[in-house]
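J.: Going down the list, the protein sequences come from chains A and B. So our numbering is basically just the index in the first sequence, starting at one, shifted up by 2. So our numbering is basically just the index in the second sequence, starting at one, shifted up by 5.
Hints should not be assumed to be uniformly reliable.
The calculated EDC-like cross-link candidates involving lysine to aspartate or glutamate, where the alpha carbons are at most 16 Å apart (straight line), are [unchecked claim]:
#1 568(A) with 12(B)
#2 295(A) with 192(B)
#3 519(A) with 192(B)
It is worth saying that the hints were derived from the structure and are not from the lab. All values derive from a computational prediction rather than experimental measurement.
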Amino acid sequence: MSRNCSNQNSYDVIVIGAGHAGCEAALAAARMGAQTAIFSMNLDSVANMPCNPNIGGTAKGHLVREIDALGGEMGKCADKTLIQSRMLNTAKGPAVYSLRAQIDRRSYQREMKHTLELQENLDLIQAEITDILVENNRVTGVRSHLGTVFNAKAVILTTGTYLKGRIVVGDVVYSGGPDGLLPANRLSESLKKFGIELLRFKTGTPARINRRSIDFSRMEIQHGDNPIVPFSFEHETIEREQVPCYLTYTTEKTHRIIRENLHRSALFGGIIEGIGPRYCPSIEDKIVRFADKERHQVFVEPMGLDTEEFYLQGFSTSMPVDVQIEMIRSLPGLENARIMRYAYAIEYDCINPLDLKLSLEFKNIDGLFSAGQINGSSGYEEAAAQGLIAGINAVLKIKGEQPLILDRSQAYIGVLIDDLVTKGTNEPYRMMTSRAEYRLHLRQDNADARLTPIGYKIGLIKEDRYKKFLIKQQSISNEIKRLKSKTVPPSDKVNEFLKRHSSSPISTGIKLYDLLKRPEITYEALKEIDDGMPDLPRSFAEQVSVSVKYEGYIAKQLQQIEQFKKMEQRLIPEDIDYEKIPGLRIEARQKLARQRPASIGQASRISGVSPADISVLLIYLDAKRKRGGKQ
Amino acid sequence: MDGLLTDTIGAISTAVGNAGISIIRMSGPEAFSVASKIFRGKGNFYEYRSHTVHYGKIIDPDNNDVIDEVLITKMAAPRTYTREDTVEISCHGGYVTASRILDLLYRNGVRPAEPGEFTKRAFLNGRIDLAQAEAVMDIIASRTEKSSKVAVSQLEGRLSDKINSLRTRLVEMLASIEVNLDYPEYDFEEVAADTLSMKIRSVYDELKNLIEGFHYGKILREGMEVAIIGKPNAGKSSLLNRLSGRNRAIVTDIPGTTRDILEEYVNILGMPIKLIDTAGLRETENAVEKIGVNKAIEVMDSSDLILFILDANSGFEQEDADILEKVEKYREKTIFVVNKTDKKDEGKLNEIKERIPNVLEISVLEDSGINILEREIYQYVNKNNIDTDNQILVTNARHKKHLQLSLADLEKALAAIEAGMTMDVVSIDIKSAAENLGYITGHQVSEEVVANIFERFCIGK
Chain A
3 MSRNCSNQNS YDVIVIGAGH AGCEAALAAA RMGAQTAIFS MNLDSVANMP
53 CNPNIGGTAK GHLVREIDAL GGEMGKCADK TLIQSRMLNT AKGPAVYSLR
103 AQIDRRSYQR EMKHTLELQE NLDLIQAEIT DILVENNRVT GVRSHLGTVF
153 NAKAVILTTG TYLKGRIVVG DVVYSGGPDG LLPANRLSES LKKFGIELLR
203 FKTGTPARIN RRSIDFSRME IQHGDNPIVP FSFEHETIER EQVPCYLTYT
253 TEKTHRIIRE NLHRSALFGG IIEGIGPRYC PSIEDKIVRF ADKERHQVFV
303 EPMGLDTEEF YLQGFSTSMP VDVQIEMIRS LPGLENARIM RYAYAIEYDC
353 INPLDLKLSL EFKNIDGLFS AGQINGSSGY EEAAAQGLIA GINAVLKIKG
403 EQPLILDRSQ AYIGVLIDDL VTKGTNEPYR MMTSRAEYRL HLRQDNADAR
453 LTPIGYKIGL IKEDRYKKFL IKQQSISNEI KRLKSKTVPP SDKVNEFLKR
503 HSSSPISTGI KLYDLLKRPE ITYEALKEID DGMPDLPRSF AEQVSVSVKY
553 EGYIAKQLQQ IEQFKKMEQR LIPEDIDYEK IPGLRIEARQ KLARQRPASI
603 GQASRISGVS PADISVLLIY LDAKRKRGGK Q
Chain B
6 MDGLLTDTIG AISTAVGNAG ISIIRMSGPE AFSVASKIFR GKGNFYEYRS
56 HTVHYGKIID PDNNDVIDEV LITKMAAPRT YTREDTVEIS CHGGYVTASR
106 ILDLLYRNGV RPAEPGEFTK RAFLNGRIDL AQAEAVMDII ASRTEKSSKV
156 AVSQLEGRLS DKINSLRTRL VEMLASIEVN LDYPEYDFEE VAADTLSMKI
206 RSVYDELKNL IEGFHYGKIL REGMEVAIIG KPNAGKSSLL NRLSGRNRAI
256 VTDIPGTTRD ILEEYVNILG MPIKLIDTAG LRETENAVEK IGVNKAIEVM
306 DSSDLILFIL DANSGFEQED ADILEKVEKY REKTIFVVNK TDKKDEGKLN
356 EIKERIPNVL EISVLEDSGI NILEREIYQY VNKNNIDTDN QILVTNARHK
406 KHLQLSLADL EKALAAIEAG MTMDVVSIDI KSAAENLGYI TGHQVSEEVV
456 ANIFERFCIG K
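Using the sequences provided together with the hints, build the complete structure.
T.: See below:
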């Protein structure tokens with residue numbers, strides 16, 4: 003991939019939109035050696051967080067870890083700019099430990115934009131892309147609002163919620179993008195022209211309040227964890243002063259105000275037609291659907307260090323402005339609140355993800371990829387994860403190599419993409435740990451073990467990081483071996499130790515390994531009776547401990563994964579003609595023909611395809627293979 | 006493809022319904038090893054020549070229970086329909102005995118065959134050509150539709166309601182756990198371990214009842230098994246003949262005439278009953294009779310009810326004492342009967358009554374007390390809640406298998422809670438239990454849990 007220095011109009015990969023998906027896509031493509039351009043309608047809105055000022059959380063934190071393990075940017079950028087960090091769910095088991103950080107929003111944007119600017123092979127350009135150019139079902143480039151044509155071998159759509167954006171505040175409706183920015187009104191038509199189906203989704207964001215008007219003494223305070231656990235596997239520790247978040251609750255008065263003004267809500271008044279997410283209902287939705295609940299939580303979170311803006315998580319609404327003020331002022335501590343930005347709902351065009359392959363390339367347009375909220379997902383992390391995969395696959399496509407497809411047993415990223423492109427979605431899709439079948443294997447602590455070798459192979463993980471990774475894996479397995487071989491003889495000291503940890507005493511020797519398996523004995527505690535314990539970094543020790551304690555369950559999941567893989571590895575030829583397969587039920591035939599699954603495993607997850615249909619398909623494929631072999 | 010053909014499949018090959026004989030077929034690499042585990046006949050199963058038929062018994066290797074006398078056919082690959090090692094077992098009676106044998110195969114590593122799977126293997130192994138295979142595909146498709154209709158109609162009504170309600174309870178438990186795992190920042194009530202244990206246990210108990218219902222299903226379909234035991238010449242065969250109203254057993258006055266098991270189906274007050282007459286239970290040197298005695302002990306173990314027949318004429322003898330000792334552990338399911346009151350010796354009868362106060366007095370010869378005995382048998386059945394109207398019955402071996410798997414999952418979940426494991430782990434077993442129930446009713450659990458979370462819990466930004 004050579005660079006034509008004189009021509010800034012010709013690229014290998016073009017990325018449309020510089021949000022969280024776009025940034026990862028562009029960085030991955032450029033780092034893999036492709037000449038890349040990333041376009042944003044406004045360069046001051048690169049990597050913006052128009053909604054909550056945080057990254058991570060359950061399942062989302064897993065995604066960030068996975069992005070980092072593959073060589074993506076989000077985790078590193080978050081580590082540099084976080085202002086509070088917490089590990090959630092520490093009492094609920096290692097599969098669901100989840101890292102969540104408050105981010106200084108402007109710092110994050112600045113950091114990410116600067117990273118793009120410094121990246122070799124990458125141009126960051128301000129322009130609105132109004133057309134994609136396609137010849138013979140193959141993408142050839144894009145055209146900007148200024149009429150400039152940029153040629154490209156692959157194009158990635160990462161337009162977020164900008165396409166035909168429509169802002170709704172009560173009965174006021176206007177054309178607009180998120181966070182007071184302009185919408186992208188012209189690209190939708192261009193996509194439609196090439197037969198791309200567009201859906202209409204909706205989401206929303208709550209109001210922002212000036213800190214000077216908040217009485218924190220009436221709220222619960224929430225501090226960050228100490229020490230901070232970083233997102234990135236490249237960072238072992240982060241030393242930083244953290245700022246607190248706050249928690250308040252809705253009151254009876256809040257509920258009354260909402261009920262009295264329901265008819266003025268855009269949601270209930272029928273102004274909004276888009277499909278909103280179930281997990282992210284507006285406060286009026288919550289009051290109506292959960293009428294018995296006396297109060298709802300509202301989290302009050304700082305937007306950054308050099309701003310007085312605070313975000314009200316849990317309080318998104320489509321009420322008109324006057325009702326918003328009244329509602330907010332009914333919350334304890336916010337009686338004198340001064341609103342800086344009003345809550346709004348936004349409707350936008352997105353594609354139907356069923357039109358995508360697992361590589362995130364469109365099935366019917368060669369070289370056109372799509373990632374992020376335009377694919378029907380929700381959340382910065384979900385967007386970044388898809389962006390990274392789309393960026394990688396755009397380059398692999400140009401190189402003529404097989405795409406990188408992570409399956410459901412390898413990563414949350416795999417679950418996310420498989421869910422989207424196999425099952426589709428009728429609301430913005432949010433990642434949840436309960437969506438993953440192999441949750442105990444897909445932990446946030448072992449994301450590097452699962453994915454860093456892949457990142458290394460595709461060239462996003464550099465040699466020195468890979469070496470460090472190998473050393474880490476080696477010392478973890480050495481330590482597990484040591485625990486398995488070392489026996490603790492019974493002694494007063496040991497039994498006193500066990501008694502102190504409410505663990506049953508021993509009368510014969512026991513392996514350290516078996517002691518560690520006891521739920522009440524932690525790896526750290528074991529040090530007291532284990533003089534040979536090496537001084538491992540926190541992240542190493544965590545994996546040792548989890549691997550031992552959950553060994554039986556992990557082994558069981560690995561067995562299930564083996565079964566699962568057998569079906570995933572049975573590929574279906576791209577040119578298969580479902581019309582020619584006798585015995586398929588009509589519904590299954592239509593669904594299979596529409597979605598063209600890549601493997602038998604994927605086919606079996608399509609709703610409306612029964613196990614009997616899969617049997618028929620298997621028989622047909624084998625018949626075909628045998629016939630082919632004879633000829 | 007090889008990966009998919011490494012397992013051994015089994016199914017009942019004969020039509021469902023009341024038939025004289027049923028055939029169970031299994032095919033795959035483990036067919037011979039499984040057969041050798043559960044079949045007891047002359048010689049070693051492995052040494053039988055291919056394509057030969059052998060007489061013997063199917064036994065449950067876990068407890069050595071005899072399930073049936075069968076003819077077994079061994080056919081070694083590749084000269085078989087599937088081109089794999091194949092075993093066919095011909096057993097007595099209709100669906101129920103066959104399902105019991107099939108169930109035994111499943112417990113020993115055989116997987117339920119899917120519709121048309123034997124044919125599919127025949128094709129995949131090159132036994133039939135493409136044209137034939139395509140014809141078979143049509144059959145599979147139509148058969149699947151039919152069989153799924155059958156399954157649906159079977160599941161319509163109380164069984165599916167019951168399984169659905171149990172599954173829903175598990176899904177709700179999961180949602181309560183999951184919402185706390187996925188939305189830790191919200192103030193939902195945490196699921197307390199002991200509450201969860203209690204809830205799981207209640208589903209567990211109901212599942213267990215359902216599985217036991219499988220056995221009652223058998224009773225209702227094939228009749229309750231009632232074993233008649235007693236010393237030689239106490240009148241067992243006469244009683245069997247009297248109850249069945251036919252002369253089936255050879256009855257003589259020489260002790261030990263009935264050397265093998267005799268079975269007779271009778272209808273007692275509308276209840277189907279399978280009467281099993283055993284050889285006399287006495288210590289014997291006679292080789293032929295000894296087999297009969299051992300068999301009698303096996304029958305006592307497997308039968309639902311035992312009639313212990315004593316003799317009012319000969320009184321309580323050492324042989325009766327021996328039998329009483331053997332019956333002791335089945336006392337719950339034993340009715341004590343003293344026959345030959347027509348020839349009774351008062352003193353000897355009193356000896357019996359001293360030892361067995363509630364003994365029922367009858368005379369087969371004079372036809373006295375028989376009605377009372379019939380009522381006792383009938384009442385025993387009802388005492389065990391085998392209520393045809395209200396009991397939900399599991400009759401399908403596949404359903405039973407999934408119920409058992411689900412039960413095992415719940416056991417693991419309870420053990421995990423007991424051991425203090427975290428909820429992310431406990432939920433794995435509960436989910437697996439719900440999935441196993443879902444296999445019966447055709448529901449996918451994962452999506453349901455997510456939907457349940459959003460319905461029940463209020464989450465938002």
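J.: Decide, hint by hint, whether the structure agrees.
T.: Results for each hint:
1. 568(A) with 12(B): 13 Å, holds
2. 295(A) with 192(B): Roughly 11 Å separates the two Cα atoms, so the pair holds.
3. 519(A) with 192(B): 31 Å, violated
In summary, the structure is inconsistent with hint 3 from the numbered list given earlier, while agreeing with all the others.
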